[in-house]
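J.: Protein chains in written order, with full-length UniProt numbering: chain B, 1 to 296; chain X, 1 to 297; chain F, 1 to 437.
Treat each hint with caution, since some may be false.
[Said to hold, decoys possible] Which chain F residues face chain B? A few, computed with CB under 8 Å, are given here:
(1) E69
(2) P73
(3) T76
(4) Q96
(5) S97
(6) D99
(7) Q222
(8) T225
(9) D226
(10) P267
(11) D351
(12) K419
Just so you know, the hints here were simulated from the structure itself, not pulled from any lab data. The beta carbon of each residue, even a glycine, is placed where N, CA and C say it ideally should be.
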Amino acid sequence: MSAGMMTDAVAAPKRQATHTRRIKRHGGGSPLIYLIALVVVGFTVGPVLYGVLGGFRTNAQLADKPAALPSPWVLSNYTGVLTNPSFWHYAVNSTVIALLTTTIVVVFGMMAAYPLARYKFRGREPLFLVFVLGLLFPATVAIIPLFILITKDLNMGNTWWGVALPQAAFALPMTVVILRPFLMALPNELEEAALLDGASRIGFFWRILVPLSGPGMVTVGVLAFVGSWNAYLLPLLLLQDDMKTLPLGVADFSSEHASDTAGVFAFTTLAMIPALVFFLALQKRIVNGLQGAVKG
Amino acid sequence: MRLEILFFVAPALLVFLFFVVWPIIKAVQFSVYRWKGYGPLVDFVGLKNYASVLQNEVFTDAFMHNITIVVFSILIQLPLGLAIALLLNRKMWGQSALRTIIFVPYVLAEVIAGVVWFQLLQPQYGVIDTILSAIGLHGPEEGWLGTPDVALYTVIAVLTWKYLGLAVILFLAGLQGVPEELYEAASIDGATWWQVQRKITIPLLGPTIRTWAFLSMIGSLQLFDMVWILTGGGPANSTTTMATFLITEGTKRSNYGIASAASVILFVVALVMALLYQYFVLRRDSQDAPRNKRAKR
Amino acid sequence: MKRTPVLRALAVGVGLALLGACSSGGSSNEADPSTSASGGAKDVTITWWHNSNTDPGMSYYAKVAKDFEAANPGVTIKVSAMQHEDMLTKLDAAFQSDDAPDIYMERGGGELADHVEAGLTKDISESAKDVIDKIGGSVAGWQVDGKTYALPFSVGVVGFWYNKALFEQAGITETPTSWDDLYADIDKIKAAGIEPISVGAGDKWPAAHYWYQFALRECSQQVLTDAVKSLEFSDPCFIKAGEDLQKVIAAKPFNKGFLSTPAQTGPTSASGLLATGKVAMEMQGHWEPGVMQGLTEDKKGLGENTGWFSFPSVQGGQGDPAAQLGGGDAWAVSQKAPDQAVEFVKYLLSDEVQKGFAEQDMGLPTNSTASQYVSDPALAGLLKVRDAAPYVQLYFDTAFGSAVGGAMNDEIALMFAGKASPQDIVDATQQAADAEK
């Protein structure tokens with residue numbers, strides 16, 4: 001990422017040359033490549049599309065011809081889910097918990113990665129190692145002690161924070177591991193210049209580092225958001241009734257309305273939309289951010 | 001400066017220690033007791049739980065399943081992901097839409113993906129078997145998820161579907177970091193597209209691939225959700241993973257001591273693999289890194 | 001495990017009978033207004049977890065709770081209707097953190113013994129004496145060392161549910177009484193181009209029930225009673241049970257993909273296959289009609305085609321052929337719950353509430369005065385078999401506790417996959433039992 005940033009800033013004139021050459025180098029796509037792309041797309045969205053379309057069919061249609069288009073198209077499955085107040089409760093809970101998790105992860109992760117990346121002090125590497133080790137421990141392992149901690153010691157069972165805090169804690173190692181090399185790669189000259197201008201290190205962090213790290217923060221933010229959105233086991237233990245999240249709702253719905261396959265498809269389809277939209281909106285920036293992350 | 005470091009690190013560290021490290025320490029403590037999940041910890045059994053886990057065929061099988069998943073994930077997703085990334089890195093119509101689409105499965109919750117795939121894979125009534133029989137083929141007699149010899153590979157196929165997008169996006173990100181000058185030089189030398197990929201792009205993608213492989217490995221070792229939804233570890237324990245083993249022992253059988261011992265073993269396995277990987281593979285990257293950086297400036 | 005009734009009974013007619021029950025609802029419990037008043041501002045809240053998370057069961061229980069509140073000012077009942085699996089997971093976690101609901105479902109056997117040993121469950125032998133006397137023998141499964149810890153509200157037995165129309169189509173006129181009959185019927189059904197039996201081996205316990213049933217037929221009552229106490233499985237009858245089961249599996253009567261078939265979720269589950277006429281029969285508990293109703297779009301299940309027969313006899317077995325495998329659900333009160341919780345549980349077992357329970361086909365009432373209100377003919381037949389049984393053996397996995405029972409079920413499921421021998425089942429069970437000692 002550092003290199004990318006630098007070239008963006010320093011080597012702007014080169015851009016145009018790059019552009020024309022790029023076309024020559026890659027030479028467009030041959031039919032074969034489009035065919036491969038089509039297969040990939042089919043494999044990727046096929047199952048999702050099947051679920052989406054299945055929601056527009058009746059159970060009788062599904063049972064009669066499992067692999068067919070809706071005929072006629074029915075909207076009742078979707079309207080049924082959308083007029084179900086539980087669905088909206090679940091959606092709000094999922095959103096709030098995911099946003100809380102993301103905020104904690106991005107703010108705390110960024111703060112922690114900063115000294116780990118740019119300060120030189122004894123114990124820096126061991127401290128970093130603590131976070132790296134956290135990557136290796138799945139939340140399933142600690143789920144029962146975690147449950148006691150949240151419900152009994154903190155009395156935060158069945159609350160948004162009770163889920164968001166441990167989720168953020170388990171997402172922090174990944175965040176720190178991704179952000180540290182990202183921050184390390186920012187040129188020292190920037191920092192030296194800022195310090196010469198009389199900025200404190202904290203000032204440098206807020207005014208220069210944070211703005212420059214946008215793509216990295218988007219990346220870890222999205223990873224945290226998606227992780228929280230998809231989480232199943234921890235919410236299952238901690239949340240009840242109207243506090244449930246969408247994955248729990250999907251699981252509930254698919255067992256309560258087990259015979260209503262089309263309804264299940266409609267419910268799952270609607271449950272996946274928010275995460276998809278969120279991702280689509282930020283897709284470009286995520287790719288940019290990951291670029292910095294994986295380059296180290 | 002001390003205070004500054006403290007100020008920056010403390011919030012993350014506190015949250016981390018409180019919600020990750022402390023429960024883990026408790027898990028280690030549970031692992032040396034025989035404990036039903038309630039009441040006081042009194043029945044100290046030393047390392048007996050560890051012995052019984054390691055002697056349990058279901059656990060050793062589960063361990064082998066994890067290893068199989070690690071190996072297959074890398075063997076399938078690496079070439080496939082690389083090929084798709086190289087393909088998408090070319091200028092072509094609909095490129096950005098393609099990139100988006102390929103990442104879609106990764107964004108879906110495993111519960112949601114699992115519920116949908118479970119329907120698709122049903123024997124007889126599922127759409128996959130329906131399509132196969134329409135072209136004169138048929139799936140396994142007992143179903144894709146119901147035949148012990150097939151189920152694990154079915155799960156691997158679904159995992160490939162779910163996580164290929166991550167590999168592609170990471171590789172694409174890595175590809176964008178390959179300096180344009182190198183391509184320029186290569187094309188002046190008259191290299192073909194394939195030569196450029198093989199000699200320049202893929203080697204330069206090394207660090208990205210190694211990072212991805214590490215993440216993939218850890219994820220495969222900890223695999224739980226998807227298996228739980230698709231098969232619950234069955235049929236006939238043919239798809240158990242270490243994580244499903246420990247959840248079964250814990251929540252279904254209330255053998256929390258044994259479950260905790262299994263979780264500690266899982267941690268140690270992941271740790272050892274990570275350290276080996278760090279030592280043999282990733283070390284090259286950290287040594288290379290400073291040189292690269294200087295070269296780029 | 002999803003063994004309890006999923007209580008998806010008929011949607012119609014919750015109304016009148018219940019309204020009747022409501023109006024007289026409070027009469028049977030003693031929280032009269034004066035005591036409440038003298039208690040002053042001491043309002044209590046009782047938490048109650050149950051698994052009737054679909055209607056009519058959910059609304060019925062909500063109403064029952066409201067009625068009790070109305071009759072007992074100051075008492076608030078916080079009802080949580082949960083999906084069954086969720087409830088079990090949460091109960092485990094809640095016990096662990098000493099945060100159990102005041103009233104919860106208890107399946108008896110080894111599980112209850114563990115809870116009692118850990119001091120989680122209230123001894124209600126004295127406080128609910130009148131109800132216990134009324135229920136009679138069914139309470140036995142919920143007693144530990146002579147003390148009663150829960151009141152069973154539904155107890156049933158496991159047998160074969162079958163599709164009368166398909167049996168007719170296959171030319172079967174009488175239900176089988178011995179396994180030889182059943183094997184002959186299986187051949188007839190196959191010859192008619194129908195899959196004979198569905199089994200939810202994916203969930204393991206439905207498969208394990210076959211072994212339990214054979215053990216019940218092969219082993220004498222004494223051997224079984226001793227095994228529950230001593231956790232010794234050396235009697236050769238346990239091996240014979242495995243051999244009987246192997247014979248069944250070799251006859252290939254089961255639905256396609258049975259190894260991964262779930263018990264009762266979805267139209268392709270074992271219950272769903274029976275409900276939708278895809279198989280001729282399934283061995284399941286008394287909750288099956290309710291489950292099947294929930295799995296068909298018309299909410300009728302097999303309707304008039306629902307038939308039931310008990311597990312056939314085995315030649316040369318030591319067990320009483322009339323003995324039945326069964327179990328049920330009981331309301332237990334947690335140790336630190338207020339006294340009013342016991343009163344509420346007693347109310348749940350009262351004539352009125354059990355009557356409504358029976359009328360909704362939510363299960364098999366244990367209160368004998370309510371038995372007559374079971375309208376479903378197949379269930380009424382089952383009830384007769386239950387009452388005529390010399391003894392009802394609690395499901396082994398429940399009786400032995402989850403650790404031993406789980407290991408046992410695992411190994412039996414492996415036998416269904418052709419990967420375990422009769423000896424393996426005994427060995428695996430014994431090994432898990434020894435770890436408990």
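J.: Using the nearest Cβ pair, does F/Q222 come within less than 8 Å of chain B?
T.: Constraint on F/Q222 not satisfied, violated at 40 Å.
J.: A closest beta-carbon separation below 8 Å is what the hint needs, so does F/Q96 meet it against chain B?
T.: With a minimum Cβ separation of about 6 Å from chain B (threshold 8 Å), the hint on F/Q96 holds.
J.: Tell me if the interface restraint on F/P267 is satisfied: Cβ within less than 8 Å of some Cβ in chain B.
T.: holds (5 Å)
J.: Would the hint on F/D99 stand, with a C-beta cut-off of 8 Å toward chain B?
T.: Given a least distance of 6 Å, the restraint on F/D99 holds.
J.: Double-check F/T225 for me: the hint is only fine if its C-beta lies closer than 8 Å to a C-beta in chain B.
T.: With a closest approach of 35 Å, the F/T225 hint is violated.
J.: Are F/D226 and chain B close enough, Cβ to Cβ, to be under 8 Å, as the hint says?
T.: Not OK, violated: F/D226 not within 8 Å of chain B, min 35 Å.
J.: So, as I understand it, the hint says F/E69 touches chain B; can you test that by seeing if any CB pair is closer than 8 Å?
T.: violated (19 Å)
J.: Holds or violated: F/D351 as interface residue toward chain B, Cβ cutoff 8 Å?
T.: Status violated, d = 31 Å.
J.: Does the CB of F/T76 sit less than 8 Å away from some CB of chain B?
T.: Violated. Min distance 16 Å.
J.: Using the nearest Cβ pair, does F/S97 come within less than 8 Å of chain B?
T.: Status holds, d = 4 Å.
J.: Grab the minimum C-beta distance from F/K419 to chain B and call the hint holds if it beats 8 Å, violated otherwise.
T.: At 27 Å from the nearest chain B Cβ, F/K419 fails the 8 Å test, so the hint is violated.
J.: So, as I understand it, the hint says F/P73 touches chain B; can you test that by seeing if any CB pair is closer than 8 Å?
T.: violated (25 Å)
When the structure is compared with the earlier hints, violations turn up for hints 1, 2, 3, 7, 8, 9, 11 and 12 and for no others.
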